[in-house]
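Chain by chain, the residues:
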Amino acid sequence: MSIFKILANKPWQQSGQIDNLQGGDVVVMPSARIGLWVFLAVVASLFGLFTSAYHMRAGYADWQQLDAPALLWLNTGVLVLTSVAFQWAWMASRQGKLTAVRDGLTVGGALTMAFLLLQFLAWQQMIAAGYFAYTNPANAFFYLLTGAHALHLLGGLWVWSKTTTRVWAGLDEENAEEVGRVRLRVELCTIYWHFLLLVWLVLFGLMLST
Amino acid sequence: MAYVAIADQGQELSHPHSFVTKYIWSQDHKVIAIQYSITAIAVGLVALGLSFVMRLQLAFPDTFSFIDPSSYYQSVTMHGMIMVIYLLTALFLGGFGNYLIPLQLGARDMVFPFLNMLSYWVYLLSVIVLLASFFVTGGPTGAGWTLYPPQSILPGTPGADWGILLMLLSLAIFIVAFTMGGLNYVTTVLQARTRGMTLMRMPLSVWGIFMATILGLLAFPALFVSAIMMTFDRLLGTSFFMPAVLSLGDQLATDGGSPVLFQHLFWFFGHPEVYIVALPAFGIVSDLLSVHARKNIFGYRMMVWAIVAIGALSFVVWAHHMYVSGMNPYFGFFFATTTLIIAVPTAIKVYNWVLTLWKGDIHLTVPMLFAIGFIFTFINGGLTGLFLGNVVVDLPLSDTYFVVAHFHLVMGVSPVLVVCGAIYHWYPKLAGRMLNDTLGQVHFWLTFIGTYVIYFPMYYLGILGLPRRYYSNGVTEFIPESVGSVNVAITTAALFVGIAQLLFVVNLITSLRFGKKADPNPWRATTLEWQTPQTPPDHGNWGPELPQVYRWAYDYSVPGAAEDFTPQNEPPPGQAA
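If you read the protein sequences in the order shown, they are chains A and B. Residue numbering for the first sequence is 481 to 690, as defined by the numbering used here. Residue numbering for the second sequence is 727 to 1303, as defined by the numbering used here.
Just chain A, with the same shape it has in the complex:
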């Protein structure tokens, strides 16, 4: 379904019934997944622009590389574990093992909350050590980028909480529609968490290297 193929066809010559939606290959996908990918494109654009602003600003004379607190390495590890937990939940949902789904979701959410608390702790360490936002642009970017990332995780936790409470409330395993809905939600949460892990790795790498 390439854009070139679509733009090459001649609709005025094609009157009549076309049974599938694209007159060719059909990509049938739940709307929520398309919605998530579009949203991820927006978030990628946001962090991409933060990154170019970072690069532009880092080129100026007053830039001093950030002394990243060692705590951030632990936080990175915790975030990796959250992705692992969600991935486990997703794989379990595909095999219909709902108890494992429930456990995976709970662990993932709990670890995410731990990550956010640890990030806040890292902020406090920075402030206690005298690294304020206004003293140096690298510091300012540190607070800005970690803050933006954390806010996106918080938003994800909102969706996670709705999914997890539904799973804890118990599912009728025979009802394929309900199971399918939960499966989709777990999948979308997992994709979102993997994406935010990728964003974090890029941001962390950026702050360590410039």
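To be clear, the hints were calculated from the coordinates, so they are not data collected in a lab. No residue lacks a Cβ here, since even glycine has one placed at the ideal position from N, Cα and C. Careful: at least some of the hints might be erroneous.
[Said to hold, decoys possible] Examples of chain A residues lying across from chain B (beta carbon under 7 Å, computed):
no.	residue
1	I486
2	V518
3	M536
[As the list claims (entries may be wrong)] What follows is a list of derived Cβ distance ranges for each label pair:
no.	chain 1	residue 1	chain 2	residue 2	range
4	B	F745	A	L634	33 to 39 Å
5	B	I1225	A	S482	48 to 54 Å
6	B	M1053	A	A538	15 to 21 Å
7	A	L678	B	M1053	28 to 34 Å
8	B	D1290	A	W517	39 to 45 Å
Once you've looked at the hints, dock chain B against the given chain A.
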């Protein structure tokens, strides 16, 4: 697991029962569209009033006690920001997008109706926050809609205390609202088309809005980033954009920041933004022209290619707004080249519009008048874009009235003519009544001729060198006395054009009650929105069964056909529905 396409599954809509859930907390795209439109037009009338403040000062300097430099610059800023973002973007995408996309695609509603409803209320919140800046200490920001630092957050610029913060907050809230809406428009176009509605059978209105939404989703983050960073600079004293600077005689603690960084981020958003306004207008005017000329749009495929190409190219032209920022001349050369390249698909569209009219069965209805008016004003304003797109010619014209005339004609007049034409065109659909034709004619002629009188002289003022955003020119040698007379003429014309818009608003309201009852398809159009079982369409739009589409959107005056139009959902001859 196999997923069933939306067109084949019963879309579960919420079924509202009370007045509040039907008309206030509504998830129906048609109600949300009208909510967006009313809010956008209301705030646009506020901005129109602000333009009168500017015009009164320019024509009759130092006559009015309520106009001083601060209030002048605040009017300039708020007029610009409201018109570009809170009126045009919200109206084209939130208003027209919400109304037309599901109806023209044969869907029952948007794919995320709750998110859609939320997007309107968050938009309304952003408008309230913006208007609140009129009531805080220091008033709204007077930094110009471009909000360039360092001035925008330093004392000396009006609103540097609270106004700028409320503006930045309002923009951030708007971007959240727009992202929610944008997710809906893109996903609905990709997912919820009815059977037989391929992408290349969609009307150009949908293509224009679809591409504009994609542009917005990718470009608004740039504004968001710059707004957050400017808020940090203002509140936390960071130096993202703030260089070493003296303010009121004291050196500030900031150092090392780059105002040009803000300009890059802002215009990376700002240029796609003008196409976010223009592309839906292009799409809609194509449909208006073909319906009222009873002729298929000339070169439909090229029109779609052009919309896609303009969208893609719009991301690589931004620094043509920055030729005078002191940047490397080689960058200027690059951006001038891309700017001239983007003129090519735009010109192709203009040729195709004119060729659509050529030998068409033209009905000079009010929508058609507005559509033809669009072609005139867009060509006029667009040609002067070629002047401004070239670096050397732009240097003396930058920040003069030449630029003001250019962008008003291409962004203010042309898209607004399309908005008016589109409202006259679709009002019978959403209200079941026709708008008054005489009032419509008066509205059109006053607006069309009036806006020429307003903006065409500004080209001459710009070539003279008259700078923009000046509260008063004082006694300046290169500005002759006649400039004052020209300004009086422009202001007078502006007053008449303003009255014409009020006539339009009166028409909108009174026709709800007293307008002639409309046929379900008064313009005999082929697109799906005119084929709904009820007018205005009920909740769910199509009754028990979604339509089936058999042809593209432009079967007008087909040789050999019984009528001069064939609806998209009419089966080919010899085949039962």
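Comparing the hints with the structure gives:
{"no.": "1", "hint": "I486", "verdict": "holds (5 Å)"}
{"no.": "2", "hint": "V518", "verdict": "holds (5 Å)"}
{"no.": "3", "hint": "M536", "verdict": "holds (5 Å)"}
{"no.": "4", "hint": "F745(B) to L634(A): 33 to 39 Å", "verdict": "holds (36 Å)"}
{"no.": "5", "hint": "I1225(B) to S482(A): 48 to 54 Å", "verdict": "holds (52 Å)"}
{"no.": "6", "hint": "M1053(B) to A538(A): 15 to 21 Å", "verdict": "holds (19 Å)"}
{"no.": "7", "hint": "L678(A) to M1053(B): 28 to 34 Å", "verdict": "holds (33 Å)"}
{"no.": "8", "hint": "D1290(B) to W517(A): 39 to 45 Å", "verdict": "holds (43 Å)"}
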